[in-house]
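The numbering of the sequence shown is the working numbering, which starts it at 209 and goes up by one.
Possibly wrong hints are sitting among the right ones.
Stated by the list, open to error - Simulated crosslink set (DSSO-like; lysine-lysine; CA at most 27 Å straight-line):
1. K217 with K317
2. K256 with K317
3. K217 with K256
4. K349 with K256
5. K289 with K330
6. K244 with K289
Calculated from the structure, these hints are not laboratory results.
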Amino acid sequence: MGQSETAMKVLAVDIGTGTQDVVLFDPRLDVENSFKLVLPSPTMIIRKRIQQATRERRPLLITGLLMGGGPCAWAVEDHLKAGLPVLATPEAARTLNDDLNEVSALGVKIIGDEEVAGVIGKAEHVEMRDFNFEVIRRAFKEFGLELDDLAAVAVGVFDHGAAPPGISDRQFRFDYLDNRIRTENRLTAFAYSAE
Numbered sequence: 209m210g211q212s213e214t215a216m217k218v219l220a221v222d223i224g225t226g227t228q229d230v231v232l233f234d235p236r237l238d239v240e241n242s243f244k245l246v247l248p249s250p251t252m253i254i255r256k257r258i259q260q261a262t263r264e265r266r267p268l269l270i271t272g273l274l275m276g277g278g279p280c281a282w283a284v285e286d287h288l289k290a291g292l293p294v295l296a297t298p299e300a301a302r303t304l305n306d307d308l309n310e311v312s313a314l315g316v317k318i319i320g321d322e323e324v325a326g327v328i329g330k331a332e333h334v335e336m337r338d339f340n341f342e343v344i345r346r347a348f349k350e351f352g353l354e355l356d357d358l359a360a361v362a363v364g365v366f367d368h369g370a371a372p373p374g375i376s377d378r379q380f381r382f383d384y385l386d387n388r389i390r391t392e393n394r395l396t397a398f399a400y401s402a403e
């Protein structure tokens, strides 16, 4: 492919349970020469931080967004089983379970966003989120690659949605996929803009 002054660079990130796979596509390069990173997934990174707080017997403050649970949610449960306190804002707490009554029943104290400032510094603060552009940008920058001129960022995460009470997240996810495939049967049925 010849050099082009107007390259449409795309950053694509596939966020899974164990890893996040990152590709920087630049049409001026052969596709096999695209820059790639395989990094721990956000849930694994957060799991490690929570496990460290558990070892240090520190209280835990969870803020941020609803994100993919799995390893980080299991680490929170282990923290509670160790007899250590966990405080969480409602949105972040939904990482553990869509039903906040269930989260409270685990032993998590749900606090309002206005209460967070009073807890900062008294607990290990963990911010839940599935995608951290800034960390990826810094990683590429260390190798002399800038992400300031991206035409698009494509992020793949598997959101199973908020299952109704009594239906497992897994079954809800399968039912959703089945419905989307039967009604739309095209790849774009699974794509959503940031808005």
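Hint check results:
{"no.": "1", "hint": "K217 with K317", "verdict": "violated (44 Å)"}
{"no.": "2", "hint": "K256 with K317", "verdict": "holds (21 Å)"}
{"no.": "3", "hint": "K217 with K256", "verdict": "violated (32 Å)"}
{"no.": "4", "hint": "K349 with K256", "verdict": "holds (25 Å)"}
{"no.": "5", "hint": "K289 with K330", "verdict": "holds (20 Å)"}
{"no.": "6", "hint": "K244 with K289", "verdict": "violated (39 Å)"}
In summary, the numbered hints that this structure violates are 1, 3, 6.
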